[in-house]
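Q: Quick mapping for you: the protein sequence lines, in order, are chains S and D.
Position 45, counted from 1, in the first sequence is what my numbering calls 510; the numbers after and before it change by one each time, with no gaps.
Position 30, counted from 1, in the second sequence is what my numbering calls 45; the numbers after and before it change by one each time, with no gaps.
Do not rely on the hints blindly, as some may be mistaken.
[Stated by the list, open to error] The calculated lysine-lysine pairs, modelled on DSS-like cross-linking and capped at a C-alpha distance of 30 Å, are:
no., chain 1, residue 1, chain 2, residue 2
1, S, K577, D, K97
2, D, K49, D, K27
3, S, K477, S, K587
4, S, K614, S, K638
5, D, K97, S, K587
6, S, K577, S, K630
7, S, K577, D, K74
8, D, K97, S, K638
9, S, K477, S, K638
Think of the hints as simulated: they come from the structure by calculation, not from any bench.
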Amino acid sequence: MIVGNSHTRMIKAALATRAGPGMPAGDVEVCWLNLGAKSHFGDTSREDAMTKVRSLEVSDLLVMSLIGTLHNLIGLFEHESPFSLAMTTNDPPETSAGRQIIPRNVMSEVFKDYAERTPVFKQLAGAARCLVVHFCPPPPKEGFAGSGKSRIVDGVAVQLEYAPKYSRLALWKLEEQVVANYLSGLNVHHYPVPLIAATPEGFLSPAYHANDATHANAAFGELLLQDFERMLHGLPRSP
Amino acid sequence: MADHPYRALPPKAFWRKSVAGVVMAEVDPVGVFKLRIQPETRVATAGSCFAQHIARHLKTSGFRYYVAEEGHPIVPQAIRDKHNYGAFSARYGNIYTARQLRQLMERAYGRFIPAEAPWIEPDGTVRDPFRPTVQPGNFVSVAEMEIDRQQHLAAVRAMFETLDVFVFTLGLTECWKARADGAVFPLCPGVEGGVFDASRYVFENQEVTAVVADMGAFLEALRLVNPLAQVILTVSPVPLMATAAPEGHVLSQTIYSKSVLRVAAQMICDTVPGVHYFPSYEIITGAFNRGRYFAEDLRNVTEEGVAHVMGLFLSHAAGIMSATPPAARRTSQAEEATDAFARHAAEFVEVECDEVALDAG
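Bound-form chain D, shown alone (with noise of 0.2 Å):
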């Protein structure tokens, strides 16, 4: 039998061997995985909804999950958590595009200063244009919405120039911006908060140039005020809630916004040292799950699929085995502590998507 390359590839390497033969919960695509997290490592996220499960696992996992901006001490954990303190390493909120991470750190330190004025709620109330869903009830007047701002900038300068790893889910490459200066938002003016004037917005489909641009200027960024800072890729396997592409179907410009992010997280990891991928998306979406990794809507991750995630993430980066796979493990311990279950998936509910505002009518 003639000899070729595919010999002497290992069974990561076939299809069958790692993935269709394969107990569902047992399939890693991770391949190798370079970076090393220790339970003092300061990890901070940033991203998409989906980002918000890998903080919640990081937080429950005994590593040190970074918040820089936990909210004042005296106000109670629940409350805070109902404030969105600690969803993320700041009081960001979603951040969906490259360019809205690349537009964060420039914010931050005073290299751009957005014209977009505070949006006022026609009961006085006002929003961060940059984070309208931040703050339930919204600011109660422009003044405090500014106040806020500033220290909510000053603890990302802090969780930037201090984390170890920082976790970028990059989640879309939809989006709106200003028309004066390219401000970008998280959600379209007029959902959340904002009135729509196609005057003064105007919508952006990134393209992976695009992409690579903005995550390339955000790095170089992060390394003058961080240099070992190390950086972990995903992509949100969650699919757009809406498409704004001209004549565009949502599960097309899905798949286009998906493929468009993951070729460009590629090419970041090939070029610049410091950036590691993780295969997220590929665990949520495989066809190895038939699906099973979303909820009914299609849509939202089951806890099971971020389990998975999770899972095979504290394996590759922090060395934390389990004798059974994180899937099999939570069914088997599901029937002894319901409360456990329930209480899981309360928190799958507190993943809350600014997106699903775009379905809301």
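Pulled out of the complex, with its shape left as it was, chain S reads as follows (with noise of 0.2 Å):
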């Protein structure tokens, strides 16, 4: 069972493109969860989530994806304050000209309160018999088709433009990192993304691009199905 937010799509995608052998796509069910009445997304209640997890057998496997997403919330688009984290030894040099740099242990508290504050996870994982595994957001988009997106604001056409791609990957790589800490408490594995994924860099490779700005596509979602598949099998995950 698959449950999670809308990164959960580009493994729905996957499935009904699926060709070749697999695992046949009815023992594989996908659930983007309703999170409120708030949300006008998703097609699985929080409640029939529950029930269907509590279903599941001690052999099956429950991956997740509902943590993690804050890095796009707050960073894909320049804030009007421009901020970003301060370059590490491992990191790309950042332009911190005219950002103020926000320390990593704030932004870790900030990313690890916000997964804190996200129940429904642990209310899931907490019921599941089986091994839970859970997957972040896919790292993000090293460039765009356009400087930003318009949206209307309180009735106000507004352009918001990107934030700096190193900017971007530094947030979300903090986020996972923070995640995988998190996780590990709650005795729920990890799933880092495939490498084959990844630029040099640690962008998402562009074969694995969806139309949007952060979400993947259903090669990518076949890349993670293969591995969930080998995870029920007890064979090790592709590189």
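Got two chains here, separate frames each, mind docking them using the hints?
A: This is the structure:
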């Protein structure tokens, strides 16, 4: 069973386009969780998801993707007070001129706080008798077709510019790291992005881009599906 | 009956009439306080841990408590609080000595660049030697610490240049400094980060002349960037956690230290225009309260004591008069607002004092 946010769509798409050997689609159920009255998205209520999770056998696999999304909410577009994280020895030089650098331990706490404020995640994970795995949103894309997006905010058209790529990458990396630490305390396995799906710098490879700013495509979903199948059969994951 | 000068003096000049014979919560040792603050007055704070109480009360009293280094708005306020944004007007942590304040000003404007290197912890994290406890979990790299320090010093400059009133609480005379260039640290190296090395660091217990000289240099520098700034000096009533004075007893050294600071504050106020003294030290330590304004550890100040100080401060500086004194008002509200009391208690606990680390064994 795969349950989560909009990042479950790529797996559903992979199942729909699947050809060749693999798990029959009927053995995989993908649920896009609807988190309440304010949400217009999702096909499964919290209560239905809980019922389904409780019905899983010990030999089943629960895959979740619910947390780790804050980097997109706060960092996909340039904030009116531009910010970033300071470089580390492993990161490329960040353009820090004119932007406020937030200490990583401050931002780590922001991400941790956000994860902890998603109680449905703990509830679902705690209800499962089987192995539970969580995957985060894919890494950011290095570039986009345009420089930003137009949106209507309070009836006014607003042009939002994308944040610089290294800022977006740094935020994604940090949130994934924070989520991995958080999951370890809940006995939930963190599923890192397959190396094959990332560029040498860590961005999402163009072959796996969906047609929007934050999601991956069915090919990425297929990579994950194959790994989840291996997990069910006790085999090592793909590189 | 012969006339003499005391006959014409007001009640506040007499111990019995203004101290011993007055209800505790109504003792008011302020005397004349010429400074007035308005709701729009930008009031900035710095100093030892007692200054955090002043900052906290200003925040909640409807005045414009000026924070020049607020942290980024994407960070929730609770997390900013935890990471010491807003504890003072900039994220400098506790500034215990006049020398520290003077050097902060000099560092902010590039007139003093200490040679002390960042302190690297065994786990690889990094502390800023001049505010070693300001970042929980420390900085993750030297680069991050240096960027944060640059941002911090820019905020300090903005604060000094645009504040209306600067409240500084003198806390200690004892300090540790680098032998190389005299840079002083808020805490002895080795207590919270750093490694103590007697060949590199030396103890100094400032005398009155040194405190006056440091404060004078600071005030002169402040005037250059903000000629209209007014300054309020207070002396922290919080005793020393420990003394490094040779053969000194912590109680005697506390009295010595506070006496030096009190004298220095008076000398500065008497000679430098625009500097005012507010007697929070006297309110907390005065015999009239029979030690009630100190907590069980005889060191931390109770919320009742802080409320007395701030009630008088707001009364004298802002003209906010209350039908009941602050302490009494708290008592009467306590029964009907248990959660509010709990909140105040929590806030009391929030006021962390770096010096506690000295007694951590």
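Q: Decide, hint by hint, whether the structure agrees.
A: Each hint tested on the structure:
1. Between K577 (chain S) and K97 (chain D) the CA atoms are separated by roughly 14 Å; this keeps the pair inside 30 Å, and the hint holds.
2. Proposed proximity of K49 (chain D) and K27 (chain D) is supported: the alpha carbons are some 17 Å apart, at most 30 Å.
3. Distance hint between K477 (chain S) and K587 (chain S) is fulfilled; the C-alpha atoms sit about 23 Å from each other, no more than 30 Å.
4. Our distance criterion of 30 Å between C-alpha atoms is met by K614 (chain S) and K638 (chain S), whose separation comes to about 24 Å.
5. At most 30 Å may separate the alpha-carbon atoms for a hinted pair to count; K97 (chain D) and K587 (chain S) meet this at roughly 25 Å.
6. For the given pair, K577 (chain S) sits about 23 Å from K630 (chain S) by alpha-carbon distance, which is consistent with the 30 Å threshold.
7. As the CA atoms of K577 (chain S) and K74 (chain D) are separated by approximately 28 Å, the hinted pair is consistent with the 30 Å bound.
8. In summary, the hint linking K97 (chain D) to K638 (chain S) is supported, as the alpha carbons are separated by about 23 Å, within the 30 Å threshold.
9. At most 30 Å may separate the alpha-carbon atoms for a hinted pair to count; K477 (chain S) and K638 (chain S) meet this at roughly 25 Å.
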